[in-house]
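Heads up: the sequence lines are chains A and B, in that order.
Heads up: the first sequence at position 104 corresponds to 104 in our numbering, and the numbers run straight through without jumps.
Heads up: the second sequence at position 102 corresponds to 102 in our numbering, and the numbers run straight through without jumps.
It is worth saying that the hints were derived from the structure and are not from the lab.
Quantities reported herein were computed from a predicted structural model and do not represent experimental measurements.
We put the CB at the ideal spot given by N, CA and C, even for glycine.
One or more of the hints may lead you astray.
Said to hold, decoys possible - Where chain A lies over chain B, by a calculated footprint (3+ residues, C-beta under 8 Å):
#, region
1, 53–64
2, 75–82
3, 183–189
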Amino acid sequence: MTRALPPQITGWFDSRGWSIHPHQQDMLARADAPCQLLIAPTGGGKTMAGFLPTLAELADGKHKGLHTLYVSPLKALATDIKRNLTGPITEMGLPIRVEDRTGDTSAHTKRRQRADPPHILLTTPESLALMVSFEDAHRTFAGLSRIIVDEIHALAESKRGDQLMLALSRLSSLAPGLRRVGLSATVEDPDAIARILARHPDPCEILLADPGPDPDIAMLTTEAPPPWSGGGGRYAIPAVLAEIRKHRTTLIFHNTRAQAELFFHHLWLANDDQLPIGIHHGALAREQRERVEQAMVDGRLRAIVCTGSLDLGIDWGDVDLVIQIGAPKNVKRLVQRIGRANHRYNAPSKALIVPANRFEVIECTAALEAVRAHALDGDTDHTGPLDVLCQHILIRACAGPFHADDLFNEVRSAGAFADLPRETFDRCLDFAATGGYALRAYDQWQRLIQRPDGQWQLRDPRRAARIRMNIGTIVDADKMQVRFQKSRGGAPLGEVEEYFAAMLRKGDTFLIGGQIVRFEGMRELVIEVSRTPHLKPKIATFMGTKFATSTQLSDRILEMFRHTDWPALPQHTRDWLALQRKLSRLPERDRLLVESFPHDGREHVVAYGFAGRNAQQTLGLLITKRMEELGLNPMGFVATDYATLIWGLDAPGDPTTLFSRDNLIETMTAWLADNAVMKRTFKASALIAGLIERNQPGAARKTGRQATFSTDILYDTLRKYDPDHIMLAITRAEAMRGLVDFGRIEGMLARIGDRIDHMRLPRVSPLAAPLFLEPGRVPIAGMADQRLLEAEAARLMATAGLDAVIT
Amino acid sequence: MTTLPFPFRGETLHALPTGALFWPARALLCVSDLHLGKSERVARRGGTLLPPYETIETLDRLGQDIAAMRPATVICLGDSFDDLRAAQALGEPLKARLTSLMAGRRWVWIAGNHDPGPLDLAGSHLAQYDDGPLVFRHIAEAGAIGEISGHYHPKARITLRGRSISRRCILRDDTRLILPAYGAYTGGMFCDRPELAGLMAREAEAILLAAPPIRLPMPR
């Protein structure tokens with residue numbers, strides 16, 4: 001069936017001499033399907049393909065109320081789409097109202113949108129979850145006909161995606177016949193995304209657009225070799241500036257915000273030609289971001305230093321070069337970033353990768369090979385997380401009374417929850433209602449109560465406000481606003497994490513939004529700063545997400561190590577690997593290389609597991625726990641994507657027993673319960689599930705935080721008195737696949753079996769040396785801790801002469 | 001038990017790793033800010049449903065300290081309950097547990113800002129308790145001498161080789177002690193905040209809770 005486009009639309013295409021892409025035509029032809037997934041490269045007219053059926057259906061002006069909901073993972077994307085959609089709609093003279101609704105939309109507009117929604121509403125998963133929670137949701141969404149989920153590949157494996165799909169399950173009940181459309185960049189396994197997108201068990205049609213020509217991608221060569229360690233890529237600044245000069249507009253991607261800030265700062269110091277260069281990342285104030293976005297649209301910028309906040313398909317300006325600083329960690333993300341360059345169909349994108357340190361030279365080389373081989377990283381199986389379900393139950397309760405059976409069926413229509421057992425659902429419902437404790441303490445104060453007719457509802461309707469304030473699945477560290485002092489206009493600059501703010505003393509300097517500022521004081525929850533002429537900031541402004549290197553990349557690196565020489569690598573890196581082979585040996589895929597050596601008065605052990613940062617971190621925790629039990633006084637460790645370095649007071653003797661599989665699994669079981677990673681995971685899940693609240697009405701937090709206590713205490717208490725509580729089960733499941741990543745350790749252990757090679761060396765090996773410069777060292781709070789604490793206290797007391805003063 | 005003895009107003013007192021204070025000369029154990037019934041109060045006021053185990057946890061902890069020190073007198077230095085209704089809402093098993101702790105010794109409830117009125121419990125209910133050179137009350141008063149108080153939940157942060165460790169602590173100078181909160185669900189206030197820094201003399205110490213507790217100059 002070919003659907004005829006209304007003349008306004010065909011006329012508009014004709015007047016521009018444009019023709020409709022084949023995949024846009026296909027989407028239009030099959031617009032009646034309950035679910036469609038379009039896989040197209042960036043710049044393939046994906047968004048238009050998604051909206052064309054909507055424009056066609058709305059062209060006659062007969063539809064009243066909301067017709068199409070568009071959801072994107074980024075606020076900026078929603079704003080951008082509004083701009084790109086409003087233009088053509090006006091030019092076509094179509095009677096269609098388009099509005100966006102994000103966290104940045106004014107309260108007034110939001111209220112109006114619920115009563116009188118536009119034809120097309122552009123929003124984010126969190127804003128949608130909030131809309132679904134309102135009592136009048138059934139009215140707002142009554143005529144909803146299509147929902148477009150953009151950049152679904154970015155949402156598919158995240159809790160934001162899970163929350164979105166649960167909201168969709170609700171919308172499908174409110175608006176029967178709702179059609180779902182997913183737009184995705186190139187992915188390895190489209191079926192996995194289709195499964196998550198479709199209303200279970202509806203089918204989902206998958207359309208594959210022409211992937212376009214291969215990208216033109218290379219490693220940036222510099223005169224100076226990259227440093228041994230670090231992630232900033234500062235050494236490459238002259239070469240990067242030269243590339244900016246040669247191109248119209250360059251996007252410079254970084255893996256973390258802190259690195260982006262530092263790089264931007266140093267780029268400006270070296271920017272002798274005063275090229276217009278901006279910075280964009282998620283922690284900057286909205287005004288700052290919008291200014292950069294506008295300058296980009298106007299073509300006034302030659303380069304933008306950015307992070308994941310520009311990862312997704314925002315179509316700005318005329319980007320003709322993408323530079324990735326630091327190893328991409330994941331081939332899929334690299335391919336998607338590369339797609340940002342040359343946003344025109346059928347033109348190759350141009351990209352350069354800049355390894356940030358010597359090891360990343362190897363990683364980048366492996367990533368380039370993977371891109372050329374079209375090998376993307378596979379997706380892992382995704383089952384819906386229960387903390388998100390608990391929040392969804394609360395959201396559902398905000399909208400009005402419900403039957404447990406109805407909600408259960410609705411939830412199971414979301415692909416990721418299709419196999420959810422009823423018993424598990426009931427436990428989540430019980431948790432939302434009573435707290436789910438073995439000790440039924442809250443009969444009187446339950447959150448949800450069951451009415452005589454069997455429906456569940458909020459005990460106290462005022463509770464809905466609190467639940468709505470805490471919607472969302474992104475758990476960030478607590479943030480504080482940064483502004484210039486009132487006397488200097490009070491302009492907002494962005495935000496920093498609270499722990500960082502707590503470290504600041506008056507006069508300290510740090511980087512934000514590319515400027516060095518001086519900490520002047522804290523006013524309520526706002527950090528006030530002034531400009532400063534200082535050149536050297538106190539850094540580490542905020543954490544960025546640290547991604548673990550994908551299994552595919554690790555395997556490719558180990559494969560490279562088997563070669564006798566490495567002509568593809570720069571000379572300095574070849575020499576380095578050759579030296580490692582001479583003095584110790586190179587890690588191999590089916591063996592585990594363990595080195596031990598004395599250094600700087602301490603004993604050191606390095607295990608090259610190549611299991612990714614999270615798993616190597618877990619390995620560090622397990623091995624040090626084992627060493628603590630053996631009385632080896634471990635003091636700390638540091639983990640990278642490929643190795644774990646442990647230091648301590650005593651040599652481990654024969655470390656091979658430390659790494660034996662049985663030992664590790666046994667230690668794992670005992671350890672899992674009681675460690676910092678579990679506590680961090682517990683906190684995140686407790687926030688999402690609604691056990692604790694991030695935001696409370698009448699917000700002003702008590703000064704000095706006397707009233708708040710650490711979630712670690714809740715975790716310990718639950719473990720002691722209610723070990724079968726559902727929050728602990730959720731925490732374990734989350735940790736195993738997230739921060740603990742024990743799956744990858746098990747994979748590694750199974751692969752290596754008993755093939756552990758221990759090299760006892762007189763000194764640090766070439767491959768281990770950069771590990772000493774790694775940040776993120778984890779101290780062990782064992783007996784060594786109390787010993788050091790006592791020593792430090794004694795030193796302080798003696799220095800102050802205090803023992804003598806107070807008697 | 002690994003306690004830390006220290007001198008105060010001519011007496012020898014012991015800091016316990018739990019934050020309790022023991023005075024051997026009087027066989028007196030003092031604990032502050034138990035905040036029993038906190039989870040019940042949070043739920044009652046429309047907050048979240050916290051694990052309802054903090055009261056039993058706090059009483060277990062207190063039971064262990066009592067078993068170890070065998071005090072003749074126990075002083076609860078105020079804010080023993082999160083509010084008066086929380087005291088009433090205490091279930092039978094917990095009341096029985098508390099009664100068994102109180103049996104055979106003198107028990108003093110000092111009034112706090114959370115539990116200002118008399119409690120429906122055995123024991124003496126006082127605004128403050130004087131004994132020899134020492135006076136026990138909930139909130140520190142300006143100019144007091146030999147005063148032992150609670151209320152502020154002090155904690156201290158110390159940097160060890162670039163790493164920050166934060167622990168509850170007893171603050172101590174020539175004239176007063178401020179005890180940390182003993183209850184399971186209690187937060188803390190860093191001792192460099194003006195409320196606390198202003199109360200303590202220049203040469204004050206912080207006794208960090210550890211096994212055994214550790215003395216160091218009060219971080220400011």
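Quick check: the region 183–189 of chain B, covered by chain A? Criterion 3+ residues, Cβ under 8 Å. holds (count 6)
Coverage criterion applied to the region 75–82 of chain B (partner chain A; beta-carbon cut 8 Å; 3 residues): With 0 residues closer than 8 Å to chain A, the region 75–82 of chain B misses the three-residue bar; violated.
Taking 8 Å as the Cβ threshold, is the statement that the region 53–64 of chain B is covered by chain A upheld or broken by the three-residue rule? holds (count 4)
In summary, the structure is inconsistent with hint 2 from the numbered list given earlier, while agreeing with all the others.
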